[in-house]
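*Asks:* Both chains are sitting in their own frames, so use the hints and assemble them into the complex.
Protein sequences appear in the order of chains A and V.
Read in order, the letters of the first sequence are residues 1 to 416 in the numbering used here.
Read in order, the letters of the second sequence are residues 1 to 362 in the numbering used here.
Everything labelled a hint here was simulated from the structure, so no lab data went into it.
Just so you know, not all the hints are guaranteed correct.
[Stated by the list, open to error] Chain A regions said to be covered by chain V (calculated; three or more residues, Cβ under 8 Å):
1. 77 to 86
2. 91 to 100
3. 228 to 240
4. 254 to 268
5. 285 to 291
6. 355 to 361
[Said to hold, decoys possible] Just a sample of chain V residues kept apart from chain A, beta carbon distances all over 12 Å, derived:
7. E36
8. H59
9. E89
10. G110
11. W190
12. G192
13. R252
14. K255
15. G284
16. N292
17. E308
18. S345
19. D351
[What the hints assert, rightly or not] Computed cross-link-like contacts, DSS-like style, restricted to lysine-lysine with a CA-CA straight-line distance of at most 30 Å:
20. A:K293 to V:K283
21. V:K167 to V:K323
22. A:K349 to V:K167
23. V:K273 to V:K283
24. A:K343 to V:K273
25. V:K7 to A:K279
26. A:K293 to V:K233
27. V:K287 to V:K144
28. A:K349 to V:K46
Built from N, CA and C at the ideal position, the CB exists for glycine as well.
So you can see what is in the structure, the chains are spelled out below.
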Amino acid sequence: MIIDRECETLGRPVENSKIWSDQLDNVVRAWTDAQKTVWEKWFELAKEAPAAAQPASAAQWGKLAHDAFETWISSDALTAKEAAERLIASQEAWRRSLDLATEAWKAIAAKMESGEDWQSAVTRYVEGLRDEFIHSPERLLHSTEKLSELWRLYVAEFLKLAQPWVASWQKAETHFPAAATGNRSALVELSRLYWDSFDQTFGRLIQSPGLGSTRELNDKFAKIFAAWQEWREASTEYYVIMAEAATRVLERALQEIGSIAERGETIQSLRQWAQPFEKVADPVLTEIFASDKFVQAQARVLNAAMAYWLCRREIVEEFLKFGDMPTRSEVDEIHQTLYEQRKEIKALKKVLAESIAVMQKMSVTISDAKNQQAGQSDSDETHLQESPDINKPSSDQDDKVIPKHRQRQRSRSPKR
Amino acid sequence: MSLSPIKFTPEQTVQELVDLNRKVLNGIETLGRIREEDIQVGVSAKEAVYREDKVILYHYTPLVEQRFPIPLLIVYALVNRPYMVDIQEDRSLIRKLLNLGIDVYLIDWGYPSRGDRWLTLEDYIDGYIDNCVDFVRDRHGLEKINVLGICQGGTFSLCYASLYPEKVQKLITMVTPVDFHVQDGLLNRWSGCSVGAQSVDIDLMVDALGNIPGSFLNAGYLMLKPYLLGVQKYLDVIDLMDNETELLNFLRMEKWIFDSPDQAGEAFRQFMKDFYQGNKLIKGEVKIGNQNIDLRNIRMPVLNIYAEQDHLVPPASSRALEKFCAKRDYTVLSFPTGHIGMYVSGKVQRDLPPAIATWLRR
Numbered sequence: 001m002i003i004d005r006e007c008e009t010l011g012r013p014v015e016n017s018k019i020w021s022d023q024l025d026n027v028v029r030a031w032t033d034a035q036k037t038v039w040e041k042w043f044e045l046a047k048e049a050p051a052a053a054q055p056a057s058a059a060q061w062g063k064l065a066h067d068a069f070e071t072w073i074s075s076d077a078l079t080a081k082e083a084a085e086r087l088i089a090s091q092e093a094w095r096r097s098l099d100l101a102t103e104a105w106k107a108i109a110a111k112m113e114s115g116e117d118w119q120s121a122v123t124r125y126v127e128g129l130r131d132e133f134i135h136s137p138e139r140l141l142h143s144t145e146k147l148s149e150l151w152r153l154y155v156a157e158f159l160k161l162a163q164p165w166v167a168s169w170q171k172a173e174t175h176f177p178a179a180a181t182g183n184r185s186a187l188v189e190l191s192r193l194y195w196d197s198f199d200q201t202f203g204r205l206i207q208s209p210g211l212g213s214t215r216e217l218n219d220k221f222a223k224i225f226a227a228w229q230e231w232r233e234a235s236t237e238y239y240v241i242m243a244e245a246a247t248r249v250l251e252r253a254l255q256e257i258g259s260i261a262e263r264g265e266t267i268q269s270l271r272q273w274a275q276p277f278e279k280v281a282d283p284v285l286t287e288i289f290a291s292d293k294f295v296q297a298q299a300r301v302l303n304a305a306m307a308y309w310l311c312r313r314e315i316v317e318e319f320l321k322f323g324d325m326p327t328r329s330e331v332d333e334i335h336q337t338l339y340e341q342r343k344e345i346k347a348l349k350k351v352l353a354e355s356i357a358v359m360q361k362m363s364v365t366i367s368d369a370k371n372q373q374a375g376q377s378d379s380d381e382t383h384l385q386e387s388p389d390i391n392k393p394s395s396d397q398d399d400k401v402i403p404k405h406r407q408r409q410r411s412r413s414p415k416r
Numbered sequence: 001m002s003l004s005p006i007k008f009t010p011e012q013t014v015q016e017l018v019d020l021n022r023k024v025l026n027g028i029e030t031l032g033r034i035r036e037e038d039i040q041v042g043v044s045a046k047e048a049v050y051r052e053d054k055v056i057l058y059h060y061t062p063l064v065e066q067r068f069p070i071p072l073l074i075v076y077a078l079v080n081r082p083y084m085v086d087i088q089e090d091r092s093l094i095r096k097l098l099n100l101g102i103d104v105y106l107i108d109w110g111y112p113s114r115g116d117r118w119l120t121l122e123d124y125i126d127g128y129i130d131n132c133v134d135f136v137r138d139r140h141g142l143e144k145i146n147v148l149g150i151c152q153g154g155t156f157s158l159c160y161a162s163l164y165p166e167k168v169q170k171l172i173t174m175v176t177p178v179d180f181h182v183q184d185g186l187l188n189r190w191s192g193c194s195v196g197a198q199s200v201d202i203d204l205m206v207d208a209l210g211n212i213p214g215s216f217l218n219a220g221y222l223m224l225k226p227y228l229l230g231v232q233k234y235l236d237v238i239d240l241m242d243n244e245t246e247l248l249n250f251l252r253m254e255k256w257i258f259d260s261p262d263q264a265g266e267a268f269r270q271f272m273k274d275f276y277q278g279n280k281l282i283k284g285e286v287k288i289g290n291q292n293i294d295l296r297n298i299r300m301p302v303l304n305i306y307a308e309q310d311h312l313v314p315p316a317s318s319r320a321l322e323k324f325c326a327k328r329d330y331t332v333l334s335f336p337t338g339h340i341g342m343y344v345s346g347k348v349q350r351d352l353p354p355a356i357a358t359w360l361r362r
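Isolated chain V, as found in the complex (with noise of 0.2 Å):
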C-alpha cells in the first residue's frame, strides 16, 4: 500500500483555497446586497377570515373557476411557521392545491409569548381548531369538511378527528407521528422512550423556562445532523452563490429553518409527557380537557402520507395509524425523500398535489 494517498501539491492546496475562498467571499458579497424583502415567503394570496388570540385563519385566494365544493383545512404544526406549504411561487402545494381547484384555508398559529405560556392542547384541539373548522363549516354551509394535518399538526388533526368524527369528511395526515416509540427515531429516544425515568425532566423544564424557546428546540433538531446541517448544507451552497435565484431558494429555507416559535409551556409539557414520553396516542389515554382520543373513533376516509427517509418522524410512526384507527377506508402513499423533502422535492412537487386532489374527489 501506498503510505498516503494524498496526491496534491501545495500550490494545488494553495490554488483550491484561493478558489475556494475567492467563492465565499463573493457569496458574502452577494448575500450583504440581498433585501429582507427579496426573500418573499409564502408566497400566496390570502384572506385573513377568522381570528381568535394569535390565532389567524386565512382563506387562499381560488386560482380557477370550477372549485371542489368540500373546503380542506390545512393544520400545521407548532414547531415551525406554516409558510412553508407555500414557500415559493414553483414549490407551493398550497398553489397547487388552488389550481386543481382545491378551496383552502390554513391555521397560523402565530408567536406565542410569554402570555400564552398557560394554553393547553385542549384550547388548541378543542379551541382553535375547532373554532377554525365550524367557520369554515358555517362559511360553506356544510356539516363536514376536509382536513389536512402536517407533522405536529397531523397529530393534532388525528385527536380532533377522534373528538368531532362528524365534522370531518376526510383526513389527511402528512409526515406525522402516530407511535412515539419508534426506536429509530432520535427525536423519540432524545425524548425517552428508550431510557424511562432517565429521560428529560419535562415538567423541569416547563417550570423553569415558561415557554420552550424555538431557538432552543431548533438547536436540537440541528443536532440531528451536525455536520450536513452545521457545515456540508454551507459548503455546498458556496457553489451556488452566483446563482441568485438558487440563492433566494436557499436564503428563503435558512428563513423557515431558524423562523421558529416558542412553545406554549403547558401544552408542551402535554405534548412531551403524553405523547412522546408516555406514548398515550396509540393506548387510547391521551386526554383533551376531560374526553379521551380514541382513534378508533377515526371511521371517516383517511389517507396518511409519508416520507421514506424521514429522520424527524420515522416512517413507521407515521405507518402505526394504520394499526390503531377503524381503517374502513384508509389509503397510504410515499415518498422517497427525507421531512423536508415532502415540501420541497421535485418529484413530491409534481405527484403529491394531484394524489391528494384525486383522492379527495374520490
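Isolated chain A, as found in the complex (with noise of 0.2 Å):
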C-alpha cells in the first residue's frame, strides 16, 4: 500500500528543506489515497456508497492536503515538524485499527446473519487470523504494523543497528519460518540473500588488492552469518508474539463491540467504533509485554541484534585498518585514555587544593603562634626594651586570615 512507503519516508528526521519539497507530492497522494481507502471499505461495509460522492471528495483532499502540508513543509520548528509526523502517522494507525475492525466485524456478521452467535463467531475468526499468521510470515508483518505506527518505529531503530542488511533482513522474513521447518528451497534462498548482501557490502571491500582471504577473516564471515541467522530467528519470534497481542486486542475488541450490541447501545459514529479498540489495546498489550515469553523473546531479539552489530564492527574494522583508518575500537580507546587522564587530573588538582588549603590553614596558625608569642615578648620585653617590628605580622600574613568557609571556597576544585 502506498501509505506504508510515504510513512517510511516520513519517520525519518529530514532537515533539508529540498527533500521536504520533494516529499510533498507523494504525502498528499499517500493523504488522499488512505481517505479513499476508508471510503470505500465503509460504502462496501453499507452496500449502498454513494459513487459519484468519491472523487469530488478525494479531489478536495488533495486541495486542502497540499495547502496544509506546504505550509508545514515551509516551518523551520523541528519540534511542531515531528509533531505533524507523529499526528499523520497517528492517523495512519488509527485507520488502520479501524480497517482492522471493520474488515472482523464484517465477517462475524456474516457468520452471525447465518445464525452463529456472536460469541463463537468471534472466536472463529480469530482463531482463524491465528493460523493464517503462523503460516504466513508476510501477512503476520503486515498485521503487526496495522495495530500501531510504534511498533514500526520500535523495530526500525531495530533496522538502524544493520544497515545496509535492510533489505535482506525484510526479504528474508518470508523465508524464515519455512527454513526454521528444514524447507530446502527456502534454506537456500536464505542463504542467498545473505550472500547477496554479503556481496553488496563486504564482497566488493574483500576483492581490494592486498586484503587477501585469511582464515581469521574468513571466521569472522562464518561468526557474522551465525549471528544473522540468530537475529533473525530471534525476530521472527518477536514478532509471532507481536502478531498474537494484535490478534488479542482484535479479540477483545470484538467481544467489546458484541457486548455494546447485548446491551441494545448503539455505535453512531467512526470515532465512537474506534473506542472498543481504545478502550482495550492498551491494558491487553500490558499484559502481554508483562509476560515472560514476551520479556525473553524481547530480550532475546535484543542480544541478537547486539551480538550481530558486535561481529559487524569486527569486520568493518578490519577493513578500515587496511585502508590506514581509526577504527570505532581504536576511537573508543582514545576515549577511554582521556577519561582516565581527565579524572587522574581532576585528583591531582584536588589534592593541591587541599594541600594548599592545609598549608594556608598552617601558615594562619603559625601566624597566630607568632602575634601570640610577639603579644606575650613584648609584654615581657616592654619592661626591658623597645623592640623592632621583627615579630609583627606582615600585611601578606594579614591576608591569609580569611573566614572559614572563604578557604573552603578558595581550595575548592573539581573532585573529580
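*Replies:* See the structure below:
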C-alpha cells in the first residue's frame, strides 16, 4: 500500500528543505489514498456507497492536504514538524485499527446472519486469523504494523543497527519460518539473500588487492552469518508474539463491540467505532508485554541484534585497518585514555587544592602563634627594651586570615 | 440481540471524515506556522554558576526578597532533560518554589557524547553531584544543604546522601525507584527482574553501542503504552488544534518527550546491572567507586513523594524506601496522578510546591 512507503519516508527526520519539498506530492497522494481506502471500505460495508461522492471528495482533500503540507514543509520548527509527522502516523495507525475491526466485523456479521452466536463467531474468526499468521509471515508482519505505528518505529530502531542489511532482512522474513521447518528451497533462498547482501557490502571490499581472504577473516564471516541467523530467528519469534498481541487486541475489541450490541447500545460514529479498540489496546498489550514469554523474546532479539552488531564491527574494522583508517575500537580506546587522564588530573588538582588549604591553615596557625608569642614577648620585654617590629605579622600574613567558609571556597576545585 | 450495533450511515461517515480531516489539515497548517522559538521551555531566569565537563549547575534568580536560608539542589534524571520542572510559566515546580522563597539550584547533565562513554556512576554521584553540593555549600557558607532528587536523580540522591550524610540537611525524593524488583513495573520486568539470566544482556548492549542512544530508550518508554502514546494522544490533540495556547503546551511536552540524551555507556551498564537487574540498592550492595551504599546512613529527614498511577516507577518501588532508610524522620506524600502528571497536573502544581516548602521550613 502506498501509505506504508510514504510513512517510512516521513518517519525519518529530514532537515533539508529540498527533500521536504520533494516529499510533498508523495505525502499528499498517500493522504488522499488513505481517505479513499477508508471510504471504499465503509461504502462496501454499508453496501450503498454514493459512488459519485468519492472522486469529488478525494479531489477536495488533495487540495486541502496540499495547502496544509506546504505550510508544514516551509516551517523551520523541528518540534512542530515532528509532531505533525507523528500526527499523520497516528492517523494511519488509527485508520488501520478501524480497517482491522471493520474487516473482522464484516466477517462476523455474515456468520451471525447465518445463525451463529456472536461470541463463537468472534472466536472462530480470531482462530482463523491466528492460523493465517502462523502460515503466512508476510501477513503476520502486515498485521503487526496495523496495530500501531509505534511498533514500526520500534523495529526501525533495530533496523538502524543493521544497515545495509535491511533489504535482505525484510526479504528473508518470508523464508525463515519455512527454513526453520527444514524446507530446503527456503534455506537456499535464505542463504542466497545473505550472500547477495554480502556481495554488495563486504564482498566488494574483500576483492581489494592486498586484502586476501585469510583464515581469521573467514572465521569472522562465519561468525557474522551465525549471528545474522540467530538475529533472524529471534526476530521471527518476536514477531509471532507481536502478531498474537495484535490478534488478542482485536479479539477483545470485537468482544467489546459484541457487548455493546448485547446491551442494546449503538455505535453512531467512526470515533465511537474506534473506542472499543482504544479501550482494550493498552491493557491487553501491557498484559502481554509483562509476560515472561514476551520479556524473553524481546531480550533474545535485542541480544541477537547486539551480537550481530559486534560481529559486524569486527569485519568493518578489518577493512578500516586495511585502509589505514582509525577504527571504532581505537577511538574508544583514545576516549578511555582521555577519560582516565582527565580523572587523574581532577584528582591531582583536588589534592593540590587540599594541600594549599592545609598550608594556608598552617600559615594562619603559625602566624597566630607568632602573634601570640610576639604579644607575650612584647609584654615581657616592654619593661626591658623597645623591640623592633620583627615579630609583627606582615600585611601578607594578614591576608591569610580568612573566614572558614572562604578558605573552603578558595581551596575547592573539582573532585573528578 | 441486534445483528450489528453500527447505526450510522455512509453519508454520516463521510461527513465525519470530512470534519476530522479538515481539523487534521488545519492543525498541520497551524503546526507549520509555529516557529521553534515559540516553543519555549525552561522559562525561569537562571544563571550558570558552576561548570564541569558537560555538566552545568544553574542558580535560579530569586523571585522574592525573603528567602529560606538553606538552598535546595535539584538532581534530575539522566534519561530526560531537566527543563520539565520548569516547562512553562504556569507549570513550573521551580517557579512556584521560588515564589515560596526557596533558593533553587539545578544540575543539568547535558548531552553525553561518545567521548563520555566511560563516565561511571562514581563520576556522576561522587564526582559531579558532590562537586555541585560543595559549590553550593561554599557559596552559602553552609555545612549542609537540602537536596531534591527526581526519578533516577532521586536514586542518585539516595546514594549521595548515604555517602555524605554530613552534607545533606534534608532529602526529598520524587517518583524515585528504590526497589527495582517490584513486579508490576513493566520497565522492571523488561530489565529482567522476573526472568533472571534470560533477560537483556547489558554488557553486550554497552559493548556494541557504546553510549545507549536516547531514541532507542525512548522507543522503549513509548512501548509501555503504545496506543495511548502513539495513537490516542494525537487523536485527542486534533480537537485542540485551533487553540494556540493548548497547542503550544502540547508541543512543549512533545519536545521534552523526544528530547532524550544518550546515556553514557559505563554509567548505564552499572545502573542497569546493579539497580535494575541486581536490585542491589535495597540489599546494601551497590558500590560507588569503592564505597558501599548503605541506605541506613540516611538519617536526615526524608520526604518521599510518589505518583499513585506511575507506570514508569511503580508506587511500591518508591514506597520501599521506608523499609530501608533509617526513618528517624520520614514523611511520605502521594498524588493521584502518573509519572508525567507529577510535573504538569493542575493538582500537583497547586499542592506540591507548598508541601515541599512547608516541609523544608519545618
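*Asks:* Take the hints in turn and mark each one as holding or not.
*Replies:* Status of each hint after checking the structure:
1. 77 to 86: Held - the stretch 77 to 86 of chain A has 9 residues with a Cβ nearer than 8 Å to chain V, which meets the minimum of three.
2. 91 to 100: holds (count 4)
3. 228 to 240: With 0 residues closer than 8 Å to chain V, the stretch 228 to 240 of chain A misses the three-residue bar; violated.
4. 254 to 268: holds (count 9)
5. 285 to 291: With 4 residues in contact (Cβ-Cβ under 8 Å with chain V), the coverage given for the stretch 285 to 291 of chain A holds.
6. 355 to 361: Since 0 is below three, the answer is violated.
7. E36: Label violated. Min Cβ-Cβ 4 Å, cutoff 12 Å.
8. H59: 15 Å, holds
9. E89: 18 Å, holds
10. G110: 15 Å, holds
11. W190: Violated, since 6 Å does not exceed 12 Å.
12. G192: Non-interface label fails for G192 (chain V): nearest chain A Cβ at 7 Å, not farther than 12 Å.
13. R252: 8 Å, violated
14. K255: 4 Å, violated
15. G284: Holds: least Cβ distance 24 Å, greater than 12 Å.
16. N292: 19 Å, holds
17. E308: Holds, since 17 Å exceeds 12 Å.
18. S345: Since the minimum Cβ distance to chain A is about 20 Å, S345 (chain V) lies beyond 12 Å and the statement holds.
19. D351: 28 Å, holds
20. A:K293 to V:K283: 28 Å, holds
21. V:K167 to V:K323: Between K167 (chain V) and K323 (chain V) the Cα gap is close to 23 Å, so the pair holds against 30 Å.
22. A:K349 to V:K167: Holds, because 22 Å separates the two Cα atoms, which is no more than 30 Å.
23. V:K273 to V:K283: Holds. K273 (chain V) to K283 (chain V) sits at ~14 Å (cutoff 30 Å).
24. A:K343 to V:K273: 23 Å, holds
25. V:K7 to A:K279: Between K7 (chain V) and K279 (chain A) the Cα gap is close to 20 Å, so the pair holds against 30 Å.
26. A:K293 to V:K233: 29 Å, holds
27. V:K287 to V:K144: Measuring from Cα to Cα gives roughly 24 Å; hence the hint holds.
28. A:K349 to V:K46: Holds. K349 (chain A) to K46 (chain V) sits at ~29 Å (cutoff 30 Å).
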